[in-house]
Amino acid sequence: MDLTYTAAEEEFRSELRSWLQANIPDEWQRPNFWESLDDDESFRLRRDWERDKALAGFAGIQWPTEFGGRGGTPGMKAIYDVEMVLANAPRSVNPLGLTFLAPTVMAIGTEQQKKDIIGPLLRSEVIWCQGFSEPGAGSDLAALSTKGVRDGDDFVVNGQKVWTTNAVHGDKIFTMVRTTPGSEKHRGISMLLIDMHQDGVDARPLKQMSGASEFGEVFFDDARVPATDVLGAVDDGWRTAMLLLSFERGASGISQYTEFRRQYDEVVAVAKKLGRDKDPVIRGKLARVLTDLECLRLHAMHVQTEVELGHDLGFEASMTKLIWSEPSQDLWEVFDDILGEDATLSELSLDSGGSEDITALHAQAMWSRSVTIWGGSSQVQRNVTAERVLGLPR
Amino acid sequence: MFFALTDDQREFDGAVRSYLSERFDLAAVREVFEDVSGDGHPASLWKAAADQGWLAVTVPEDQEGLGLGLVEAQVIARALGAGAAPGPWRGTVLAAEAVRLAGSDEQKAAWLPRLATGDAVGAFTLRGSAPGTLTAVEYGGVADVVVARSADGLVLVTGATATPQGSYDGTTRLASVEAGAGEALPGATAEVIAELEARATVLVAADLAGIAREAVSRTVAYDKERSQFGVPVGSFQAIKHALADLHVAVTLAEHAVLYASYAVDAKLDGADLAVAVAKAKAGDAAVAATAAMIQYHGGIGYTWEHEAHFFYKRAKRLAGQYGDADAQREKIATLTI
Numbered sequence: 000m001d002l003t004y005t006a007a008e009e010e011f012r013s014e015l016r017s018w019l020q021a022n023i024p025d026e027w028q029r030p031n032f033w034e035s036l037d038d039d040e041s042f043r044l045r046r047d048w049e050r051d052k053a054l055a056g057f058a059g060i061q062w063p064t065e066f067g068g069r070g071g072t073p074g075m076k077a078i079y080d081v082e083m084v085l086a087n088a089p090r091s092v093n094p095l096g097l098t099f100l101a102p103t104v105m106a107i108g109t110e111q112q113k114k115d116i117i118g119p120l121l122r123s124e125v126i127w128c129q130g131f132s133e134p135g136a137g138s139d140l141a142a143l144s145t146k147g148v149r150d151g152d153d154f155v156v157n158g159q160k161v162w163t164t165n166a167v168h169g170d171k172i173f174t175m176v177r178t179t180p181g182s183e184k185h186r187g188i189s190m191l192l193i194d195m196h197q198d199g200v201d202a203r204p205l206k207q208m209s210g211a212s213e214f215g216e217v218f219f220d221d222a223r224v225p226a227t228d229v230l231g232a233v234d235d236g237w238r239t240a241m242l243l244l245s246f247e248r249g250a251s252g253i254s255q256y257t258e259f260r261r262q263y264d265e266v267v268a269v270a271k272k273l274g275r276d277k278d279p280v281i282r283g284k285l286a287r288v289l290t291d292l293e294c295l296r297l298h299a300m301h302v303q304t305e306v307e308l309g310h311d312l313g314f315e316a317s318m319t320k321l322i323w324s325e326p327s328q329d330l331w332e333v334f335d336d337i338l339g340e341d342a343t344l345s346e347l348s349l350d351s352g353g354s355e356d357i358t359a360l361h362a363q364a365m366w367s368r369s370v371t372i373w374g375g376s377s378q379v380q381r382n383v384t385a386e387r388v389l390g391l392p393r
Numbered sequence: 000m001f002f003a004l005t006d007d008q009r010e011f012d013g014a015v016r017s018y019l020s021e022r023f024d025l026a027a028v029r030e031v032f033e034d035v036s037g038d039g040h041p042a043s044l045w046k047a048a049a050d051q052g053w054l055a056v057t058v059p060e061d062q063e064g065l066g067l068g069l070v071e072a073q074v075i076a077r078a079l080g081a082g083a084a085p086g087p088w089r090g091t092v093l094a095a096e097a098v099r100l101a102g103s104d105e106q107k108a109a110w111l112p113r114l115a116t117g118d119a120v121g122a123f124t125l126r127g128s129a130p131g132t133l134t135a136v137e138y139g140g141v142a143d144v145v146v147a148r149s150a151d152g153l154v155l156v157t158g159a160t161a162t163p164q165g166s167y168d169g170t171t172r173l174a175s176v177e178a179g180a181g182e183a184l185p186g187a188t189a190e191v192i193a194e195l196e197a198r199a200t201v202l203v204a205a206d207l208a209g210i211a212r213e214a215v216s217r218t219v220a221y222d223k224e225r226s227q228f229g230v231p232v233g234s235f236q237a238i239k240h241a242l243a244d245l246h247v248a249v250t251l252a253e254h255a256v257l258y259a260s261y262a263v264d265a266k267l268d269g270a271d272l273a274v275a276v277a278k279a280k281a282g283d284a285a286v287a288a289t290a291a292m293i294q295y296h297g298g299i300g301y302t303w304e305h306e307a308h309f310f311y312k313r314a315k316r317l318a319g320q321y322g323d324a325d326a327q328r329e330k331i332a333t334l335t336i
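If you read the sequences in order, they're chains A and B.
Be aware that the first sequence starts at 0, since it is given in numbering that gives the first Met the number 0, and climbs by one per residue.
Be aware that the second sequence starts at 0, since it is given in numbering that gives the first Met the number 0, and climbs by one per residue.
No lab work stands behind these hints, which were simulated from the structure alone.
It is possible that some hints are incorrect.
[To be verified] These stretches of chain A come out as covered by chain B in the derived footprint (C-beta under 8 Å, 3 or more residues):
no.: 1; stretch: 1-11
no.: 2; stretch: 164-171
no.: 3; stretch: 231-239
no.: 4; stretch: 283-291
None of these values were measured; they are calculated from a predicted model.
Note that CB positions come from ideal geometry on N, CA and C, so glycine has one too.
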């Protein structure tokens with residue numbers, strides 16, 4: 000058993016920590032700071048900051064140096080994820096590009112695609128969206144109907160994508176498009192890399208139940224994409240998508256634990272302010288969540304071990320999604336139980352007199368309802384776990 | 000980062016499991032289970048435990064032990080749970096741990112080699128106090144020495160009268176022990192007793208994790224084969240989702256037990272939390288998995304002939320030992336609120 004990081008990894012941690020301390024303005028740490036900005040201003044600030052971070056060498060931690068990455072270890076990536084949480088760093092503006100697209104391009108992209116895509120993505124010069132879900136194709140991705148028809152050197156694309164993160168701030172979108180007319184299910188689909196700055200593409204925000212608009216919908220109306228901008232082979236997009244989604248397991252559960260454990264402490268603080276911390280029912284509920292969060296931390300250590308040993312985790316990723324998403328949601332249900340009949344109030348009335356604004360906590364509670372849907376719903380993850388991990392018949 | 004069993008530890012695990020599957024399978028467990036008046040202490044299994052080092056695992060090498068730790072001990076405990084194996088293994092290991100951590104040199108010399116080689120059977124309890132009546136002592140009826148609480152700490156009790164106590168968990172025999180004053184273990188401070196309780200709790204949690212995994216594996220295997228409405232019942236989503244959830248819960252319980260065993264051995268900060276998490280998670284997982292084992296076998300799962308009740312009953316008993324899941328959660332609350 001060795002639960003430590005190497006000296007080189009700890010050295011990396013202190014370098015990163017120093018940079019973060021020096022480069023996150025105090026003002027950004029103020030409660031509700033990001034909520035006080037309009038969406039465009041928030042995005043611009045975060046985009047510039049993420050570019051500066053990349054230029055300082057703190058991006059693409061595990062990417063090979065030939066792609067502008069740091070060539071670091073899986074341990075450094077885990078440390079990076081944790082330190083970003085501890086520093087309360089701004090959320091990435093390019094999560095889908097960084098997590099999914101870049102490693103896929105490194106694996107199967109053409110030399111020109113590697114050159115054109117990876118560097119600008121790393122420096123936040125190009126923000127990438129993911130065009131997978133459609134109104135008629137959610138969990139059943141293979142039901143997608145957005146069409147691409149070959150016209151000279153281009154494909155001409157028509158259709159609609161939805162639940163697209165950063166839709167209104169995106170520059171390009173990697174999109175699953177049916178390029179063989181009349182094809183069914185996972186056949187005849189290609190992964191097209193579409194420029195969103197053209198007349199044939201219209202991105203609109205969607206307002207979430209939390210009130211924020213982090214995602215949107217994207218309409219294609221005779222959008223044009225050069226036939227060279229296909230990732231992987233034409234009509235082989237399903238395989239490209241499966242490869243792309245396999246990179247999700249690169250996300251570090253140790254940092255998720257760090258974030259949720261901080262949220263747990265915030266919820267406990269509210270319970271104490273209301274004198275609810277002595278209620279045995281609340282204590283039992285909190286402890287149940289804490290138990291599952293500790294188990295998330297241990298599962299993350301298991302995943303990290305397997306990654307460092309070079310093992311393929313395969314369909315275990317479906318379990319990992321359940322293991323982090325469900326307790327993080329349970330926590331916020333306990334939060335509402337603590338608040339009781341005042342669960343919906345924006346302010347906490349304190350026994351000592353006075354009140355405290357808890358809208359940021361409510362926002363996190365609302366957000367938690369989404370985590371068991373996006374990236375494969377809990378029900379899909381249970382199907383995959385049952386069929387692919389346990390081998391139960393389909 | 001290496002959070003996993005080493006090759007040596009895996010080999011140990013494989014050795015215990017192959018012995019049980021080849022030489023002491025569930026048919027052998029059934030003989031013990033149904034022999035209500037027997038001592039529940041089969042000689043062949045005890046000899047294997049002695050010969051293969053299961054008893055010597057945590058005893059120091061200079062006392063004829065293997066000098067290994069709680070990580071290795073939980074490997075054995077998990078395999079014994081998976082086999083629903085009877086016998087006083089845990090009590091003997093924990094009695095040796097008490098002597099190792101709190102005994103005088105003379106006590107170590109007198110007991111550790113005998114416990115490590117199976118020459119003496121040990122029992123361990125933290126319920127009640129000697130002198131007095133100790134209730135529900137595992138294998139109190141066959142123990143040569145019982146480690147128990149006293150007013151000042153812990154004592155070694157020998158020559159006590161034991162009366163068998165009925166229990167629906169036929170994989171384990173319990174006895175009421177009339178303990179004399181015993182012989183004090185001089186090093187039994189409150190800290191040492193707390194560490195022994197942590198070690199005992201981890202070994203019980205490991206048995207529970209072993210039970211839980213076995214229950215899920217056997218149920219998955221059965222539901223792949225059992226056909227109703229012309230299809231395997233395991234193809235129904237109601238069953239798939241339940242088994243997926245149990246698989247996740249058991250996987251987490253296994254992580255939690257492994258980590259707790261290491262945390263206690265390495266004296267990590269947070270070892271108390273780790274032990275409580277392991278016991279809460281493993282206890283809940285084992286009770287849920289064995290109840291599901293009965294349910295998802297249908298009528299056959301409710302019969303005496305089927306083995307599901309061995310696992311369910313063993314899980315029920317162990318889930319309550321050293322604090323049930325609710326008691327562990329209260330400890331967790333105290334540590335984190």
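query = Can you give the numbers of the hints that this structure goes against, from lowest to highest?
reply = Of the numbered hints given earlier, those the structure breaks are 2, 3, listed in rising order.
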